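Below are the chains, spelled out letter by letter.
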Amino acid sequence: MTQAKQPIIQIRNVSKRFGKVTAVDNISLDILAGEFFVLLGPSGCGKTTLLRMIAGFEMPTEGQIIIDGQDMSLVPPNKRPVNMVFQSYAVFPHMNVTDNVGYGLRISGVSKGEIRDRVAEALELVKLGGFEDRMPDQMSGGQRQRVALARSLVMRPKVLLLDEPLSALDAKLRAQMQFELADLQDKVGITFVTVTHDQDEALSMASRVAVINKGEVAQLAPPADLYEYPANRFVADFVGSVNIFEGKLTLDEPDKAAVDCPGLGKIYLNHGVTGPHGADVWVALRPEKIYLHVPGEGKAVRAAAQDAPDGHNLARGTIKGMSYLGDITLYEIQLEGGQMIRVSRPNLSRHDQEDFTWDDKVSMHWRADSPVVLLS
Amino acid sequence: MFNRTPIAPLEYTRKLWMRSWVGLTMLFLYAPLILLMIFSFNDSKRNVVWKGFTLKYYEKALNNDSLVEALVNSLTIAALATIVSLVIGALAAVALWRFRFPFKGLVEGTMSLPIIVPEICLGVAFLIFFAKVDWPTDLPWPLNLSAITIAHITFCFPFVAMVVRARLASFNKEEEEAAKDLGATEWQAFRDVLLPHIRPALVAGALLAFTLSLDDFVITFFTSGPDTITFPVKVYSMVRFSVTPEVNAASTILILLTVILTFIALKLQGVKGIAETH
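As you go down the protein sequences, you meet chains A and B in turn. Counting in the numbering used here, the first sequence runs from 68 upward without gaps. Counting in the numbering used here, the second sequence runs from 50 upward without gaps.
Isolated chain A, as found in the complex (with noise of 0.2 Å):
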């Protein structure tokens, strides 16, 4: 993916009230030029409102957006160097594929010799070669996706937004269309801005996420640092799946730290925290990162003869609930000291959901660089 170092969009200080409520808190932020954006956050938590700002089908209560370096206050959505993919498609009914694909290009006067030929290579763009003629009501939610897509690329924006892409589209068509957006924004170079509440669509499409929370920014990052190094409790939490124990920053030191977590011990870590000694943080491990194994025994999975290797953390509880998922199994377990934790483990052979089972004791061990510290 290609990425050029400046910002396309500029958001600088933007709030926006309904009334009462506040639906975007004083963001800031800069979206690069040909890079895959994604707004992702819970329902209702003002990514919608962002977008349609960007888009200028709403008017900042207060800051400023910038486009391309201009100032967008008072530039209306019909002005706009931006094309938006809508939730619900809004692909016009009452006009067939190719001219709800040329609409654009047609109010804006282009000739119909260059509309023909811009109209088929979007299609071709979009794989709907040879729907031309078709209505909208003959195509399936998948097609009709497309068709909006074509309209908004025939366009040539300099940004196209996509409200919330895949959420009509079932499981299958959800993880195929991922591959193809991801790919067709290599292929046209556009900057793409995509809201979604689906973490899975964010991690596997974006080349930057920004989480929102409460009409703020929770953390902008990459996917990946998004999962391995969230910032708080929130992104953590919304991310992924996670355990989160609440302790006390007892040891941190450049090379290791230690979280005191009541009914669990002591936490150990193999890198410095920089937090206030003796202050209240979180530990949150994801499950995928516990090994699990039944105490001191041969019958032990993945991990070593031993109860825990060097530098790996250990704690023992009893098996609650399971829930077999086919690729993983999912394992509900209570701690020696009453809290529950969540482990996941992969069924690497046929047969490995088989090891444990209900009220198994168990050992758990993970190593010191897994857990990550979050002081809010």
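Rather than coming from a laboratory, the hints here were simulated on the basis of the structure. A portion of the hints provided could be inaccurate.
Said to hold, decoys possible - Here are some of the chain B residues that sit facing chain A, going by a computed Cβ distance under 10 Å: (1) 223; (2) 233; (3) 235.
Unchecked claim - Distance condition first, Cα-Cα at most 30 Å in a straight line; then the derived DSS-like pairs of lysine-lysine: (4) 179(A) with 222(B); (5) 428(A) with 387(A); (6) 153(B) with 239(A).
Claimed, not checked - Calculated Cβ distances over 12 Å to all of chain A for the following chain B residues: (7) 231; (8) 244; (9) 275; (10) 281.
In this text, all values refer to a predicted model and were calculated from it rather than measured experimentally. Idealized CB from N, CA, C, for every residue including glycine.
Model the placement of chain B on the given structure of chain A, informed by the hints.
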């Protein structure tokens, strides 16, 4: 014959009682009209018993200058009232659908008043109103129809507004935004996206307004003068003397006219579009 599939519980169209019920309903609705048409060909002045076939009453009706004049008046008023109601009604519906403004509920309620207020009251109200404002009555045709036309617009446009409003409820606002996003101005988005969506409602509303205006008697009776007789008023005055086949003939022509107009409107729109409106 013998391998007919048995009638399923919900296959009402194949049940005898349902078929006879539908048949009876049809009979009840259309028997009077069909009788009226048949007796327009009756060769009898009294028009009570069938005396033989004739077309002479059609000839008589078409040669009756005052009857033809009334028909022309009615059609003119109906056409004008329809056009104006369509514009006002559609605009009112769009305004009520799109904007939030103070006293919106009141405006909406007042707008449908002409539908619920008894026609006789409206008629009297118009009579008093036009007398009070001294509305000129001696204008040349077709300006002399202005009073009736205004009265007709008053009770026609709420129907148009109602039908259009119902249709607008199913409009996806994102379509309009999409048009603007692609560079359309407010007007272009209205013309290219919103108007096509409400077109079936406009056709349905126009049909409603036209027929309502064409056959209105009560309100017209109070607002018409000696020179501005409409068809229903004329028929009423003819019936007061005797029900001759001439009245039947004139009515048959009117029925034929409305059926043809409806047919054309449906053809223009596609019946499917109209059905979608309701």
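Hints and how they fare:
The interface hint given for residue 223(B) is met, as the beta carbon of that residue sits about 4 Å from the closest beta carbon of chain A, less than 10 Å. At about 5 Å, the closest approach between the beta carbon of residue 233(B) and any beta carbon in chain A falls short of 10 Å, and the interface hint on this residue holds. For residue 235(B), the shortest C-beta to C-beta distance to chain A is roughly 9 Å, which falls under 10 Å, so the interface hint holds. Distance check on the hinted pair: residue 179(A) and residue 222(B) sit about 29 Å apart at the alpha-carbon level, within 30 Å; holds.
For the given pair, residue 428(A) sits about 10 Å from residue 387(A) by alpha-carbon distance, which is consistent with the 30 Å threshold. Proposed proximity of residue 153(B) and residue 239(A) is contradicted: the alpha carbons are some 47 Å apart, above 30 Å. Non-interface call for residue 231(B) relative to chain A: violated, since the shortest CB-CB distance, roughly 3 Å, does not exceed 12 Å. With a closest Cβ-Cβ approach of about 10 Å to chain A, residue 244(B) is found to fall inside the 12 Å limit, against its non-interface label.
The beta carbon of residue 275(B) is kept farther than 12 Å from every beta carbon of chain A, the shortest such distance being approximately 49 Å. Even its closest Cβ contact with chain A, about 38 Å, leaves residue 281(B) beyond 12 Å, as expected for a residue assigned away from the interface.
The earlier numbered hints that this structure contradicts are 6, 7, 8.
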